[in-house]
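Those sequence lines, one after another, are chains A and B. So the working numbering is basically just the index in the first sequence, starting at one, shifted up by 10. Oh and the second sequence: position 153 is 138 in the working numbering, straight run, nothing missing.
Treat the hints as calculated values from the structure; they're not laboratory data. Misleading hints may appear alongside valid ones.
Facing chain B, according to a computed beta carbon distance under 8 Å, are these residues of chain A, among others [as the list claims (entries may be wrong)]: (1) Q56; (2) I60; (3) D63; (4) L64; (5) A67; (6) S70; (7) E150; (8) I197; (9) H200; (10) A232; (11) D235; (12) K237; (13) A238; (14) V241; (15) H242.
Keep in mind the model is a prediction, meaning the values are calculated, not measured. The beta carbon of each residue, even a glycine, is placed where N, CA and C say it ideally should be.
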Amino acid sequence: MGRVIGLVAYHVFKESVRDKVLYNLVLFAVLMIGASYLIGQLTAGQDVKIIKDLGLAASSVFGLFIAVFIGVGLVWKEVDRRSVYNLLVKPVRRYEFIVGKFLGLALTLAVNIAVMAAALYAVLGLMTWLQPGLGKAAVEAPVMDPQLLKAFALLYVQLLVVTSVALFFSTFSGPMLSAAFTFGLYIVGHFNADLAHFDSVVKSQAAGWLGKALYYALPNLAPFDVKAAVVHGQPVSATYVALTSGYGLLYAGAMITLAVIVFSRRDFK
Amino acid sequence: MDAPAARGLKGGVSALSLLAVAALLWGAALALQAYREARHPQPPVSSDVLYFRGGAAVSRAALGFDAILADVYWIRAIQHFGGTRRSESGDKTYAQLYPLLDLTTTLDPHFNVAYRFGAIFLAEEHPNGPGRTDQAIALLERGLAADPERWQYAQDAGFVHYWWRQDYKAAAEWFDRASRIEGAPWWLRSMAATTLAEGGDRQSSRQLWQQLYETTDDAWVRDNAQLKLAQLRALDDIDALAVIVRRFVDARGRPPAAWDELVAMRWLAGIPRDPSGTPYELKPDAQGGVALSERSSLSPLPPQFTRKTGPTT
Chain A
11 MGRVIGLVAY HVFKESVRDK VLYNLVLFAV LMIGASYLIG QLTAGQDVKI IKDLGLAASS
71 VFGLFIAVFI GVGLVWKEVD RRSVYNLLVK PVRRYEFIVG KFLGLALTLA VNIAVMAAAL
131 YAVLGLMTWL QPGLGKAAVE APVMDPQLLK AFALLYVQLL VVTSVALFFS TFSGPMLSAA
191 FTFGLYIVGH FNADLAHFDS VVKSQAAGWL GKALYYALPN LAPFDVKAAV VHGQPVSATY
251 VALTSGYGLL YAGAMITLAV IVFSRRDFK
Chain B
-14 MDAPAARGLK GGVSALSLLA VAALLWGAAL ALQAYREARH PQPPVSSDVL YFRGGAAVSR
46 AALGFDAILA DVYWIRAIQH FGGTRRSESG DKTYAQLYPL LDLTTTLDPH FNVAYRFGAI
106 FLAEEHPNGP GRTDQAIALL ERGLAADPER WQYAQDAGFV HYWWRQDYKA AAEWFDRASR
166 IEGAPWWLRS MAATTLAEGG DRQSSRQLWQ QLYETTDDAW VRDNAQLKLA QLRALDDIDA
226 LAVIVRRFVD ARGRPPAAWD ELVAMRWLAG IPRDPSGTPY ELKPDAQGGV ALSERSSLSP
286 LPPQFTRKTG PTT
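Chain A on its own, in the form it takes in the complex (with noise of 0.2 Å):
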């Protein structure tokens, strides 16, 4: 069984590098190279806090970006190229296949965000060697704070609830509406917390309760977003992490469970 995920996983992760899909941490590092340069004529000695925030905003955008558009693919493009017909004869499980297209997905993000914290790190080790005087500028938080690993944990983590949205969507829609059903979630999922505080604002003690049944089947994502936290050098706990991690992790098994259960009703004969 795992042999079979792992292989369907490394798949997708061979053809997200043959659909150059990596090229994107070229785009990061030229944006944040440039950016480093030019913010620091503009920002009035602010460049360690809005190198952060820029580093941080474009990993956000451009892992938002890999985990919605090539995850509304990853069922949809094999049955429209009739390739599923050819694995589904194979002794590959349908669960198997799905698990498998989100993990290679999964593992896709694990290297672009890797590789972009990384990218991050040099830009301000190359900022603080170049200006040395910089690290005591820096009052709020250090340069190289280590902290900003918990921001890009937990916004893995989020892609990884984002990608296994897309996957569901993608079992039984095209990849347009699919995108469109991904995002729209992914916005409510900002807002979410007002559904939680509906019943305060409504007379109809339905609507409240409704209200609260959508604040729990939803994504709730705003909590993934620790990002001005630590820039501003402001305590985020490990246990924090751990358990918006965890509620993260269990919701995309939700969502992949969900997506099995579609996929494997699906008629291909």
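Got chain A; can you put chain B on it based on the hints?
Only chain B this time, still in chain A's reference frame:
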């Protein structure tokens, strides 16, 4: 594409030729655009319409990108302040400065320098700034509400009262408030007492700025303190030069036409220059007959510390 053309692409037509064609077309498009803009000038884009004003609404719509948006607004605030300050226009209202700082700090309530530098920008007197000390204090109060442990905001509010408003009682209260915040330096308490006792005395002001200069980690705050110290030095210089000019008037019955006359009498070693290196000016209508050049980066000098010596003639 038909077959011969395709063959041509692979074999005959080089990529370089196609690149040249693309460059030619692009260049032609740019030239046409420039021509059209010359014939039909586009109305200037109002920078007001490019930015939102409701910080809370922008923050909600930012989807976790609040911090980077705050950076964008911060850069915009600096550009607005610097651009307006440098402009030759007489209409320097700095109308967008506070809304931009408000947006920046709403999107990122812990943006330390946006409060501190923002208050410096807002408090600067016209034409170097909007002269809105009320907004400077309001911004610092918001900073304190977001980070109550940041004694620097209370200290900065004290400086705004001290330097720009000459309200020494309020300044002393802010310094005292700052000194009560955990982690504040010991000298803030004595600063509060000195401010209350000696008010607008030039020497106590020098001590205040010197303390700030020596203790801040922030280059911009340090530069600002250095500027104020240089202005105070220039005021001392002007007083000393006014005494020499008065002696000349007593001796010759007229004010000196140029510094050279005083140099020739060996009353001065050379043309006197302010701490920025710009020569002082002899102005019979100025107090003491000596003034800072308007070209000096120290201009204008704070009026509250100017001694009332009267004109030389």
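Hints versus structure:
With its C-beta approaching chain B no nearer than about 6 Å, A:Q56 sits inside the 8 Å limit, and its interface hint holds. With 8 Å as the threshold, the beta carbon of A:I60 comes within range of chain B, its nearest partner Cβ sitting at about 5 Å, so the hint holds. The beta carbon of A:D63 comes within 5 Å of a beta carbon in chain B, closer than 8 Å, and the hint placing it at the interface holds. Of the supplied interface hints, the one on A:L64 holds, with its beta-carbon coming within about 6 Å of a beta-carbon of chain B, less than 8 Å.
Restraint check, A:A67 versus chain B: the minimum CB separation of about 4 Å is within 8 Å; hint holds. This hint holds: A:S70 has a C-beta 7 Å from the nearest C-beta of chain B, less than the 8 Å allowed. Residue-level restraint check for A:E150 holds (minimum Cβ-Cβ distance to chain B is 6 Å; threshold 8 Å). With a least beta-carbon distance of about 6 Å to chain B, the hint placing A:I197 at the interface is held under the 8 Å criterion.
With 8 Å as the threshold, the beta carbon of A:H200 comes within range of chain B, its nearest partner Cβ sitting at about 5 Å, so the hint holds. The restraint placing A:A232 at the interface with chain B holds, with a minimum CB-CB distance near 7 Å, inside the 8 Å limit. Taking 8 Å as the C-beta contact cut-off toward chain B, the hint placing A:D235 at the interface holds, the least distance being around 4 Å. At its closest, the beta carbon of A:K237 sits 6 Å from a beta carbon of chain B; the interface hint therefore holds under the 8 Å criterion.
Look at A:A238: its Cβ gets to within about 4 Å of chain B, closer than 8 Å, so that hint holds up. Proximity of A:V241 to chain B holds as hinted, the smallest CB-CB distance being about 6 Å (cut-off 8 Å). The criterion of a C-beta within 8 Å of any C-beta in chain B is met by A:H242, whose closest approach is roughly 4 Å, and the hint holds.
Going down the numbered hints, you'll see the structure goes against none, and every one checks out.
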